[in-house]
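*Asks:* Take a look at the letters that make up each chain.
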Amino acid sequence: MHIDDTDPAKVLAEEGLLRDLRSQMHRFASLQLGDPQLAEDAVQEALMGALKNARSFGGRAALKTWVFAILKNKIADTLRKRSRTVEANQLVGDGEESFDELFDERGYWHAAERPVHWADPESALHDKHFWRVFETCLDHLPGRQARVFMMREFIELESREICAAADITVSNLNVTLHRARLRLRECLENHWFLRGELSYGGSSR
Amino acid sequence: MNCRHATRLLSEAQERELSLSELASLKFHTAMCVGCRNFGRQIQTLRKISRAYTLGAGMEEPEKTEGRSGDGDS
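Chains as they are written, first to last, in UniProt numbering: chain A, 1 to 205; chain B, 1 to 74.
So that you can see chain A by itself, here it is in the shape it has in the complex:
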C-alpha cells in the first residue's frame, strides 16, 4: 500500500481514486436530482465538506461511506429546497399502468409472476455482480418512479417531504412507490435471485 489510507486529504488527492469516486457520486446524485448541473453542485459541496472536515479514517471504504453520507445530506437539502419548482408534470403522469401482466383480472398473482422465496439476500450485498444488476434494474424504472423510490429509500425522506418536493399527493406517492417496488422486486428476482436458484439448486423439480 503506497499511500496513507488514513488521511482523507491524501486519499482524495490521489487522482484515479478521486476521479472514480466523483463519477460514482455524480451518477448517484444525477439519478436522484434528474439534473446534471445540480448533481455536480451537490458533489462539489460534498467533496469540499469532506476535505474541510478532514479527519482520520480507517481506510478508503470508510472514507467513501462518509463522503456518500455527506452527499446524501446535500441531495436531501436540494430536494427539499426545490419543492414545487420542477417536475410536477413529469411526476404525475405515467398514470395507467395496470400491471395486468402481474395480476389476473381478479387481482391475484399470475402463477408465473408470484414472488418466490429469496435465498440469502445478505450475501448478495457483498457481490459486486449483484450491484450491477441492482443498478440496471433501477435504470429500467420509469424516471419518476425511480426518483420517488430513491427519495424514499436512498435519501430517506419522509412521505410528506417527498410530496412537498415533488408536488404530488400522498395517494399519488403511495401508488408510485407500490409500482416501483413491484417492478424492482420482479427485476431483481428474475435477474438475480432466480438465476441463483437455477444454478445452485438442481434439486428443485
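Simulated from the structure, these hints should not be mistaken for laboratory data.
Every residue, glycine too, gets a C-beta built ideally from N, C-alpha and C.
Fair warning: there could be bad hints in the mix.
To be verified - Counterexamples of contact, computed for chain A against chain B with all Cβ distances above 12 Å: (1) Ser30; (2) Asp35; (3) Pro36; (4) Gln37; (5) Asp41; (6) Leu51; (7) Thr78; (8) Lys81; (9) His140; (10) Gly143; (11) Ala164.
What the hints assert, rightly or not - Quick list of in silico lysine to any residue cross-link-like pairs, SDA-like style, CA-CA up to 25 Å: (12) A/Lys72 <-> A/Glu158; (13) A/Lys72 <-> B/Lys48; (14) B/Lys48 <-> A/Leu31; (15) B/Lys48 <-> A/Ser30; (16) B/Lys48 <-> A/Ala76; (17) B/Lys48 <-> A/Leu194.
Unchecked claim - A short, non-exhaustive set of chain B residues, derived as facing chain A with CB atoms under 7 Å: (18) Asn2; (19) Phe39; (20) Gln42; (21) Thr45; (22) Arg47; (23) Ser50; (24) Ala52; (25) Thr54; (26) Leu55.
Knowing the structure of chain A, use the given hints to seat chain B on it.
*Replies:* Frame of chain A; chain B shown alone:
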C-alpha cells in the same frame, strides 16, 4: 382482499402505520398467500439493499494501481 390490494398495503406499511382493520385483512390474506408473504419480505429486503447502496456498497473500490489508473483492458 386480492393480491393487488395486499401488495399495495404491504408497500404503504413502509411509509405509515396501517390501521387495525387493514392489518387484520392483510394478515388474513397473507396467511393463505405465499406470493404476498414473499412480497412483504422482499420489500423489506429492498430497503436494506437501498441503505447498503447509499453507504457505498456496490460502488466498486478502485483498484490500487501503481501510479496509473483505469486504462481498462485494451
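*Asks:* Does each hint hold? Answer for all of them.
*Replies:* Hint-by-hint comparison with the structure:
1. Non-interface call for A/Ser30 relative to chain B: holds, since the shortest CB-CB distance, roughly 14 Å, exceeds 12 Å.
2. Non-interface status of A/Asp35 relative to chain B is upheld: no Cβ of that chain comes within 12 Å, the nearest being about 19 Å off.
3. The beta carbon of A/Pro36 sits about 18 Å from the closest Cβ of chain B, which is more than 12 Å, so the claim that it is off the interface holds.
4. The beta carbon of A/Gln37 is kept farther than 12 Å from every beta carbon of chain B, the shortest such distance being approximately 22 Å.
5. No Cβ of chain B comes within 12 Å of the Cβ of A/Asp41; the nearest lies about 19 Å off, and the non-interface call holds.
6. Non-interface status of A/Leu51 relative to chain B is upheld: no Cβ of that chain comes within 12 Å, the nearest being about 17 Å off.
7. No Cβ of chain B comes within 12 Å of the Cβ of A/Thr78; the nearest lies about 15 Å off, and the non-interface call holds.
8. Consistency note on A/Lys81: stated as away from chain B, and its beta-carbon is indeed over 12 Å from all of that chain's, at 20 Å minimum.
9. The beta carbon of A/His140 sits about 15 Å from the closest Cβ of chain B, which is more than 12 Å, so the claim that it is off the interface holds.
10. Distance check for A/Gly143 against chain B: the nearest CB is about 17 Å away, which clears 12 Å, and the non-interface claim stands.
11. With 12 Å as the threshold on Cβ separation, the claim that A/Ala164 sits away from chain B holds: the shortest Cβ distance comes to roughly 14 Å.
12. Between the alpha carbons of A/Lys72 and A/Glu158 the distance comes to roughly 14 Å, so the proposed pair stays at or under 25 Å and holds.
13. Of the supplied pair hints, the one linking A/Lys72 and B/Lys48 holds, its CA atoms being roughly 16 Å apart against a limit of 25 Å.
14. For the suggested pair B/Lys48 and A/Leu31, the alpha carbons sit about 19 Å apart, so the restraint of at most 25 Å is met.
15. With a CA separation close to 22 Å, the supplied pair B/Lys48 and A/Ser30 stays within the 25 Å bound.
16. Of the pairs offered as hints, the one joining B/Lys48 and A/Ala76 holds, with about 19 Å between alpha carbons and a cut-off of 25 Å not exceeded.
17. Distance restraint check for B/Lys48 and A/Leu194: the Cα-Cα separation of roughly 19 Å lies within the 25 Å cut-off, and the hinted pair is therefore satisfied.
18. A hinted interface residue such as B/Asn2 counts as satisfied when its beta carbon comes closer than 7 Å to some beta carbon of chain A; here the least separation is about 3 Å, so the hint holds.
19. Given the 7 Å rule on beta carbons, the hint for B/Phe39 holds: about 5 Å separates it from the nearest Cβ of chain A.
20. A hinted interface residue such as B/Gln42 counts as satisfied when its beta carbon comes closer than 7 Å to some beta carbon of chain A; here the least separation is about 5 Å, so the hint holds.
21. For B/Thr45, the suggested interface contact is upheld, since its CB lies about 5 Å from the closest CB of chain A, less than 7 Å.
22. Interface restraint check: B/Arg47 against chain A, minimum CB-CB distance 6 Å, threshold 7 Å, status holds.
23. A cut of 7 Å between beta carbons decides the hint on B/Ser50: the least distance to chain A is about 4 Å, and the hint holds.
24. For B/Ala52, the suggested interface contact is upheld, since its CB lies about 5 Å from the closest CB of chain A, less than 7 Å.
25. A hinted interface residue such as B/Thr54 counts as satisfied when its beta carbon comes closer than 7 Å to some beta carbon of chain A; here the least separation is about 5 Å, so the hint holds.
26. Proximity of B/Leu55 to chain A holds as hinted, the smallest CB-CB distance being about 5 Å (cut-off 7 Å).
No hint from the list above goes unmet by this structure.
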